[in-house]
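Make the full structure from the sequences, and use the hints.
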Amino acid sequence: MPTISSPGIGSGLDVKSIVGQLVELEKKPLTLVQLRTTAAQTRLSVVGQIKSQLAALDDSLRALTLGSTYQGMSVKSTSEAVRGTASSTALPGQYTVSVSQLAQGQVARSDALSPSVPVGSGTLTITTGRWDTGPVFTPSGTAMTISVSATDTLADIAQKINDANGSVRAVVVNDGANQRLVLRSTGIGADSGFRVQVTDGDGNDVDNAGLSRLAYDPAAGTAGLSLTQAAQNTVATVDGVAVTSSNRTIADVIPGVTLEVSATTATPVTVDVARDTSGARKAIEAFVSAFNQLNQTLTEATRYDAQTGTAGPLQGDSTIVTLQSALRRLIGMAGPGTDTQQRWSDIGVRLARDGSLTIDGARLESALAQPDAVRNLLAKADGPVRGLAVQLRDFTSGALASDGRMGQKVKAVESEIQRLQEQAKRINEKAVRTEERLLAQYARLDATLSQFNALNQYVSQQVAQWNKTSK
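Every position in the sequence shown, counted from 1, becomes a number in my numbering once 91 is added.
Hints may be right or wrong, so weigh each one.
What the hints assert, rightly or not - Listed next, the in silico DSBU-like pairs over lysine-lysine satisfying Cα-Cα at most 35 Å (straight line):
1. K118 <-> K107
2. K118 <-> K502
3. K107 <-> K471
Simulated from the structure, these hints should not be mistaken for lab results.
Here it is, written out as structure tokens:
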């Protein structure tokens with residue numbers, strides 16, 4: 092039969108309370124360990140934030156070390172009909188552009204036909220190519236052959252053409268009473284024209300009856316379809332030089348410039364190609380923003396408030412303090428510029444008393460008027476003195492490396508947290524063992540005192556009996 096153990100019954104002591112208090116004394120060091128663990132986890136979180144912001148600063152510096160950042164070009168036009176973009180190889184200048192013809196594809200339509208009456212049987216062979224004066228057709232694409240049954244309507248034929256997924260698309264247009272089949276090139280340019288040859292099931296391919304009503308081959312004298320739009324190239328002049336394009340893009344006629352045309356022009360359009368410093372300005376602004384975010388985090392993390400006696404989670408941390416000092420020192424270093432332009436402050440980027448950066452807009456704009464000089468100051472990668480952005484990025488990239496300052500700091504804090512967690516585990520395990528030992532000791536005490544109580548009760552009964560007998 093199982094026994095029920097209840098500590099303290101034999102002794103009359105509050106064993107659970109006594110053991111609980113002794114175990115709590117055993118766990119008392121755990122409070123300090125938990126506080127230290129919480130503080131370490133806070134430090135790890137802040138170190139992670141600093142590392143992330145340092146990576147953002149490194150990314151912003153990368154843009155400042157690229158020569159292309161300072162070689163931007165802009166294209167401005169006096170008309171929406173002509174727009175453009177320019178690469179860094181383009182030369183500044185003004186150009187006159189006139190557009191007399193836009194590239195387009197071929198469109199042909201049939202006569203009005205009843206929607207319920209079949210067109211005729213046979214085959215349609217549609218070939219993409221170029222129509223020249225003559226008329227002369229020069230094929231340039233693979234022909235597609237469409238088989239038409241005697242029961243097919245215009246809608247059926249259009250569906251078969253579209254299912255072939257070729258270079259011509261078909262649509263049926265309903266005018267309210269009748270329908271017309273409209274064929275359109277999927278591409279544009281003179282080479283996107285098409286020819287429709289018919290093998291008519293009625294035996295006559297040129298009588299414009301039956302399926303031959305859908306033929307279009309002027310070179311052979313068959314034109315059941317009517318041409319509503321001819322395939323053609325874009326025709327334009329740039330500074331009086333005639334140019335053509337198979338699409339609506341005119342590339343490299345002006346070196347490094349790509350023009351996009353959307354309409355013909357009644358009067359010449361002026362296109363102005365000029366240096367564009369907005370890319371460099373935005374890159375510098377992004378760098379200042381990234382630097383200031385990191386500086387604010389570093390300042391808050393290392394701050395000590397003497398009035399309240401509170402300190403930031405990384406106050407006095409040598410790694411973080413050194414990082415902050417190094418960044419400020421690098422901002423003040425000289426670069427490979429001229430006598431009047433050697434430091435960040437010379438181009439309007441200044442270090443404030445709180446360690447943040449500010450931008451003098453007028454000074455920066457004046458410096459960017461000579462973008463090559465700014466590029467040399469910030470991005471110069473060789474020589475005895477390298478560019479300011481290059482120097483600063485060497486530091487940030489090194490700090491972010493796995494064996495760099497931040498990588499080592501993260502590992503150190505993670506190791507500290509692991510040691511504290513292991514210490515807490517050992518304290519808890521020791522407390523459990525202590526509780527088990529104390530409960531066992533008090534169980535033995537209970538048993539001994541229970542025996543003593545039983546013997547005492549027996550002796551008392553005997554004495555009482557003797558006293559009765561003696562009377």
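Hint check:
Distance restraint check for K118 and K107: the Cα-Cα separation of roughly 16 Å lies within the 35 Å cut-off, and the hinted pair is therefore satisfied. The straight-line distance between the Cα atoms of K118 and K502 is roughly 28 Å, inside the 35 Å bound, and the hint therefore holds. Among the hinted pairs, K107 with K471 is inconsistent with the structure: their alpha-carbon atoms are about 76 Å apart, more than 35 Å.
Checked against the numbered hints above, the structure breaks only hint 3 and satisfies the rest.
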